[in-house]
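Assemble chain B onto chain A, guided by the hints.
Take a look at the letters that make up each chain.
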Amino acid sequence: MFQSISWASLTVVALGIVIHVCAGLGAGQVKRKAKRHPLGWCGWENDLDKLGKLKRLAGIVAVVSLLVMTLTAFSGRLIANELMTGYALMIHVGTAPVFLLCAVFLLITWAHQCRLTEDERAELTARLCFQPVKAKDSLLLIKLTFWGAMFLTVPACLSSVAVMFTIFGTHGQDVLVGVHQYTGLGLVLLTIIHVYLVLRRRLK
Amino acid sequence: MIQIIRSLLSFTLLAGALALGQAAEKGKGLGDGHDGNRTSITHLITLYDEAGLPIKATDKQPRPISMRNTCGECHDYDKMATGWHFHSGTTNVLSGRVGEPWVLTDTRVRTQIPISNRDWKGTYSPNDINMTAWKFLKQFSSHFPGGNYGEMEPSDDDLDADPEEFLRWPISGKYEINCLACHHVDRKQNQSDAALQAARENYRWAATVASGLATVKGTASELDEFYDPETEYKIITSYDKSRFDSNNKVFLDIVRKPPSNRCYYCHSTQDLQTPGRDEWVHNEDVHLASGMSCADCHRNGVDHMIGRGDIEPSGNPHGSADYLKNFDPKKHASYSCQGCHLGNPNAENQADKMGGHLGAPIPEHKGIPAVHFEKLSCTACHSGRLPEENTARVRTARMHKLGLHGRHAMNKQLPHVVTPVFAKMANGKIGPHNMIWPSFWGTRYQPSFWGTKTGDAVTPLPFELEDMVVDHLSEKADRDDIESDPTKLSDERITAVLKLIATGGGDQEEVENEPPGDAEPEAEPKPEPVFVSGGKLYSLRGDALISTAHEAADTTIKPLAPGLVREIAGDELGVENENPERVNDWIALTEDQILNVLKLFNDHDWELQSWQPKPEPVYVAGGKLYSINNKVLVKDDHEAAEPYKWPIAHDVRPASQSLGSNGRCADCHDDTSPFIFGKVEVDTPINPGEKQIKSMTEFGELDPGYYQSFAFTFLFRPWLKGLVIVACAVGGLVLLLFALKAMDRLVTAAGRKK
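Quick note, the sequences are listed as chains A and B, same order.
Just so we're aligned, residue 1 is where the first sequence starts under the working numbering, counting upward by one.
Just so we're aligned, residue 1 is where the second sequence starts under the working numbering, counting upward by one.
Chain A extracted, bound-state conformation:
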């Protein structure tokens, strides 16, 4: 079941991104600026202060560690529907605290910036009511995926730690593994969309 859901959702997101990229190319929206910092794609600028640099660095580390965890968790599951074991499990568990620390740091430092403005709230309301909106350069989706990913990070991490305590029996363990799997999948999907939108915006 989880294997099928994972395949379906990852395929939908990947197709969505491809279609979105193609649509953007057709509209001639992608432009490249002439001079950019080598790490400009992640928002790195020469005049950043220390905290700013740290925030971007944390972002990169968080994404890379999430990528490692995604590969270790989903490679066996998607191909052979096997649970993670062996070295893959060790790498997965070893990377998790790095991701979590970076994610919490990002949450603390970016949360304020990611609040919805009046315009974005209006846009969100309009979108929820299926009304047409003019939202050129809107950050709404980027912010929403940020909050979504952050909200999913907490249960994903807590569920993996909870199984290590002698609180939950076999049934509880199964539920926790399910929670971890599905929140993890959601986290990965939202992060993919978020990173895509951020990169797309940066590379304009």
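Please note that the accuracy of each hint is not assured.
[Said to hold, decoys possible] For lysine-lysine, the following DSS-like pairs were computed, each having C-alpha atoms within a straight-line distance of at most 27 Å:
| # | chain 1 | residue 1 | chain 2 | residue 2 |
| --- | --- | --- | --- | --- |
| 1 | A | K143 | B | K741 |
| 2 | B | K753 | A | K134 |
| 3 | B | K412 | B | K679 |
| 4 | A | K55 | B | K741 |
| 5 | B | K753 | A | K55 |
[Unchecked claim] Which bits of chain B does chain A cover? Going by a derived footprint, with three or more residues having C-beta under 8 Å, they are:
| # | region |
| --- | --- |
| 6 | 355-366 |
| 7 | 706-714 |
| 8 | 721-728 |
No lab work stands behind these hints, which were simulated from the structure alone.
No residue lacks a Cβ here, since even glycine has one placed at the ideal position from N, Cα and C.
Then chain B, alone, in the frame of chain A:
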């Protein structure tokens, strides 16, 4: 007149015999049903002897009880004889899950050979070491349920039978299935007495004496070979007359479900870490301690195919269709560990699906990730001895003849049974095993025999046909062949012999010209004559000789019977030494001795047919195979030298003493955990005083590097838990803060609207 009386008498006798036969047939299985009443059935019964005659208290020369005739009066004896305990005497028995074999030991010739007719890898069939039914009984009848080998008396026309054994069987009698050994709950039932009678070759008397109904004087093994048991009474059976009522019936306290005390006689295990005076410190299996009995889980029907507790609801680990026919895994699965404690999802009724039989608690396994249940059997954590740095040794009742009281008590140390060894089981899960390292003198040879092939099974020719082949080859021997290499027969010669076998020694034309009406159209496929030699199987396709690869032609290692070894190499092995260094245990063997003994075997004049190559002598011990190469002793790893191990499930420890209970992950995931990194003893008579070990990871097929790394991560696990909890708390607070802010906005916005 006399003629008429004679005729009438004959007729009456015949009618009587027929009536008796019909009555017996009618009564067959009468007591095997169950009308639903749970009251025990009172067994106030008539005892019958071997001839089917009732035994009376007043008999002057009473005979011992025959179980076949006494129990068989109401129960289907032959049906019961199909059960696990009684059907192992033939070579086509069901294998079943790997189990404890018989072990033939001989300290003087440094031998311990696992013996079984079941197709368990690492065991050898009694036939392999020329062990006849008689010899089998001589070796193993101290802990023997009767039946199978006990009733394999050679028939009058059995040309292969040993003449001495042929004469001894009628004196000793058959060792029939001893029903009372299990079902007689009288405290007088004493299997040690049965063992004593068996040691005296009083097989016919074993069950009677063990039941406490009679005493026996006399020893069959001391009687002359020409003793006539029908007319002479040198073995005297004296029944306790007070046990007979006025109708010559005897009350036997028989129960359907045997008490554990009966099972223990053959199925006890002694922990050698605390033997003798400290036996009292041991606990029983937790199930028995709670008041259950073995038969509560190990159940059976009339066929006595007792549940072996290993069937998992989802599969048949035996991989045998025959097994499924005789053993309904769905029913038995409901009484396995999983069936009782977790339920059997494949069961047909709701109660079995729910589990909890006999009040079995459903475990929660708190803190144990589900992956453990995919990799480990229940027994891995719950059964056997708690693992320590080094494996321990145990003795088992059958192997070490435990439970023999009085003068015939033994103190056998061999075989050395190593436990617990955590190894992969047939279903791919890791479980605890008992293990022995085989040690024996043997021969390595490429099989070379004439035989027949039916389907994929190749069977050697019976003796009379083989004699015909020998005669044919000696008559028409090609002198050139014999002078160059007698074992190499020309293709023409092989073809001729195969044709001869096909005709059964008759004239082929005659066979072919038989009228078609005489042939049975529905007959089974005719066995195809074959010759196995030089690693190939030769057969005929039309008139052409073809050779193919076949497992029957693969190089084989077979043990030599200890008796033969004593005969050939007794002096070199010090068989006659009256004061060995160790009593009932390994006597040290040096590599020089091995070389010398192997040379003696090499020089031995083996009884071989002209087409059979000379076998290569080998010695197997401590996981190595020793052989001579260029007059030098060499040792190699070999499949035949691998240890024989069988999964164990008892004693089950209490939950609190199970591995990993209460979150003790370090029980297994510590870098010194005996479960993974334990040291397994390599048992060998070569330098037996020196400690030789192998890593437990080899048996569990585990990657030690990975498990060391994994154990290392457990050092950081508390930190990981703390870090994740703190980080999640901080992140959660931030999320809560912004969630509340968002809520504030929402409430404010909603409040502004009229």
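*Enumerate the violated hints, using their earlier numbering and listing them in ascending order.*
Number 5 only.
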